[in-house]
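Sequence order for the protein chains is A and B. Position one of the first sequence corresponds to residue 1 (our numbering), numbered consecutively onward. Position one of the second sequence corresponds to residue 1 (our numbering), numbered consecutively onward.
It should be emphasised that the hints constitute simulated quantities derived from the structure, not laboratory data. There are no misleading hints in this set.
Okay, the calculated bits of chain B under chain A, using three or more residues with CB under 8 Å as the criterion:
1) 211-225
2) 285-298
Restraint-style ranges between C-beta atoms, simulated for each label pair:
3) F87(B) / M8(A): 41 to 49 Å
4) R138(A) / G334(B): 30 to 38 Å
5) A23(A) / I318(B): 46 to 54 Å
6) F83(B) / D75(A): 34 to 42 Å
7) V326(B) / Y71(A): 35 to 43 Å
8) W67(B) / Q106(A): 48 to 56 Å
9) V133(B) / S2(A): 50 to 58 Å
10) K7(A) / N56(B): 36 to 44 Å
Beta carbons: idealized from backbone N, C-alpha and C, even for Gly.
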Amino acid sequence: MSPGRRKMLGAIVAVINVGIVGAIVGPVMGFVTSPMNQRGKKGWVKIARIEEIPDGRATEIRYSMRTKDGYHVVDREYSIYVRRDGEQVMCIDPACTHLGCRVEYQVDRDRFLCPCHGGVFDKHGGVVSGPPPKGLIRHLVKVEGGNILLHREV
Amino acid sequence: MARTPLPIKEHTISPEERADETRVTTHPEEELRLARPSLRDWLDLRLGWYGFVRKNLDEPMPPGVGWWQTLGNLLMTLLAFQFITGFALAMYYSASPETAYDSVKHINTEVPLGNFVRGLHVWGSTLIVMAVVAHTLRVFFWGSYKKPRELTWLVGVFIFQVILAFSFTGYLLPWDQKAYWATVVGTRIAATIPFVGDALLYLVRGGAEVGSLTLTRFYALHVMALPAALIGLMGIHLYLVRRHHIAGPVLPRRGKPVPFYPDQLFKDAVVQLVGVGFLVYLALAFKPALEAVANPTQVEFAPRPEWYFLGLYELLKIMPSGWELVATFVVPTGVTLGMIFLPWLDRSESRHPARRQWVIVTGIGIILMIGLLTLKGILETPPPHHSAPADLKATKTSDSS
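Isolated chain B, as found in the complex (with noise of 0.2 Å):
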């Protein structure tokens, strides 16, 4: 068989060195070696995987980078939770208003591991959002979204949104008086719009009212499309990570950059640990609840969203009447249009808190205002709360129980 010459090296190349090296030598046992490649050369000429693998390892971390940055390699976990155990339960799920609450029922009572995993799911959810809003007010104060990090930001302000149509979407799944009520007022809000309201309000539920069609919308939304956009999304975020490094602290120390293997590796795998440990915790210590039966017809129920959507709730009590647009639309799409805008607005050379103020106060105070109406929000007393009664049954849905 023909062979291209090889070029002249004088030593044996290492398996370092080998990742980045034409593998070519005129050693000849390593010609033979190459010649009859063991399992791992013969995949690394392929894929190139020592490259990949020690360009990723060897990522220069700037000094001062340490335990606030391994809050995105713990979201990616904890996504990758969410994916799995969605991917379970959707074996046992069934996408109907006849049989969404049974079949959640069934993974509650009667699946061997069912209370666990659907817990993993639903609590997994709750310390997704948790991750996010932490990791993205890392990215804040730090001001890492500064030139040439723009896009890593814009890229991430879409998964965080992508997180948040996640929640809403996988809300109504379990067909139960929280999750029909909470769309009920959820979709509403997408009727508020002006022109274009109404419309929308058919589009989103697939017809006049949350019914079947809005199962399956919300279904196909959940399991398919924001899957997708998330994926694909954390793939161009992953990638621009790479390709401008970590921001590092605000005000560059001196030294030399470590490679990310084997100190942040580390750092990220204690705070994966403790994520995932706590996450596990909740799921065999608070059980997933299942109210009743979603029920249209009954009067005495009062919706109440999950907790991190409790300000934006909060924030629709107190508008007087006629003001909902700015509760439902304007406020919304403002506070997210400045984080799309943020690295745009901020005009400044350095990411120093103290020399950018106006967006350190702006920030500082959006974030109280959602934290105090969020808490106003968990004080508050619920509203009476009724099961249905026994004698009620709903829309073909009855408990079989």
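Looking at chain A on its own, in the form it has when it is part of the complex (with noise of 0.2 Å):
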């Protein structure tokens, strides 16, 4: 057989198996990575009643809310602290901003600790020591007839 014969041969093999292996990895690739760009639409939800929250601390909200976890629809519960001042309300979400532990309330010291890595919040929710990098994310709220609703994903 000829050098450029064998050489030929060599690249078209080449060719077919980067076809090969390129038709098994992209699509696969595709599937598993489409979660990365999935981002949820945000709306409203309500999650409680004004007259519920009491004034001058936080409260933790357990709602529920229909969601698509992969391949089915639950009724997922979630939790949240509604800190009510007055008329004023605020979310504040329980996921610790350092690894995502839940942070507890207390109501004496009115702080919000994480049993974790042991950071601790403010009751508004920033930082006060610890190794979070940033305030307890607050969600927007607005309160419509009574009812506190929930700017979330939905």
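Taking the hints as your guide, dock the two standalone chains into a single complex.
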């Protein structure tokens, strides 16, 4: 076999193999990485009645929302801290901004503590001490007809 | 039937010789035997079995090789146990948030020997981490990673990583509180990486939150991708170990190499017996735990990782605000890269610890730091631990008991 023909056939085999690898890797990568491009739309969700929230402290509210979790639709329960000072209502996300543990509200100190790595947040969610890089996330909230509505991914 | 003329050979060949020789003889009896071979000979002709077995049993062991060189074999045995118990568990396990917890509970409480088989798997993971650490340290202190064994070490480092990935992905599968929250925190670590962190978090979790797609992702990795990777890497590792032989003591000793069988194989068997015995004892004496079902809304739960991740956990605690990337990314990546490039960082000719001081000192420093942080994590009183009150039900994963 001439060296030219040998080289030529080798090159064709290489191209075919690249095609074969691409044919499996391309679609599978797209399939597996698809969640990276999914971001939920935001909407208003009713979480509580304003009169249910005591004044001057944070209260943990659990609300249920129909969510699509992968392949099934579930009524998933969520929890959030609602703080009311008079007419002003604030929704504080309980996920620690450090690594996502649930912060615990301590009524006597009016602070949020993270049990995992010791983060401490003040009553409005600002960092007091510990490793968290930023304050707790505050969600947009509005009160309509006595209902507290939370703006979140739906 | 036409036969190729046989080269002349004066004597009848012994079974040992037969292993390597082309089976040709002029001796009439022998020729008859080869014409109607025993099953063993028949198989040998097709598989080359005698040669393979003899090559491995006669593998030369340099003088001074002994008990320290049994750890790799122990690790392999424990991994085989893990593979078999994992296969058995997969027959009862169901990877969905709605069923995972109940299926594991079913294994624990109803399936005959369920506690034992799951115990072997759970305790096996701990013993494997201990064995792989011990094996790695032995190779490190003996300097066995030096030329020409750089790639053996490199593949070993990848095996180490795969084993840690096994523990991390396996941890979520029971879908109890500990599993769920350790995964929430563990996956959030990915999100701390600048620029790509958020996308990575979605990729690892299969969405914004730890949910059904996280579970199926982890399960797929745990039972498909990681075993395939491990088997491939182990194959290369063993091939390289056999190709370059065991390194032997740091200072070569006088004497002739001894075959692997029977002395070293006997030591291996003793260590395997002790290791497996200990594993069986642990599985029988300490039933594998299953906490309350995963509950994303429960605020009171303080997750703690498995003991071998406690060092990292403590490091995360002591990092001041804004420095978490150091603990989540810089330190683990640095240690891993250090391990990967160790054979090229350590340029000394000698394998003797005294002749490669900076490597040994750095190594001991890192080991001490990890050890101290782990100890701190173990000694620290765990935060008040609440299991889920009866009135709390998780997302459709109600505890049916």
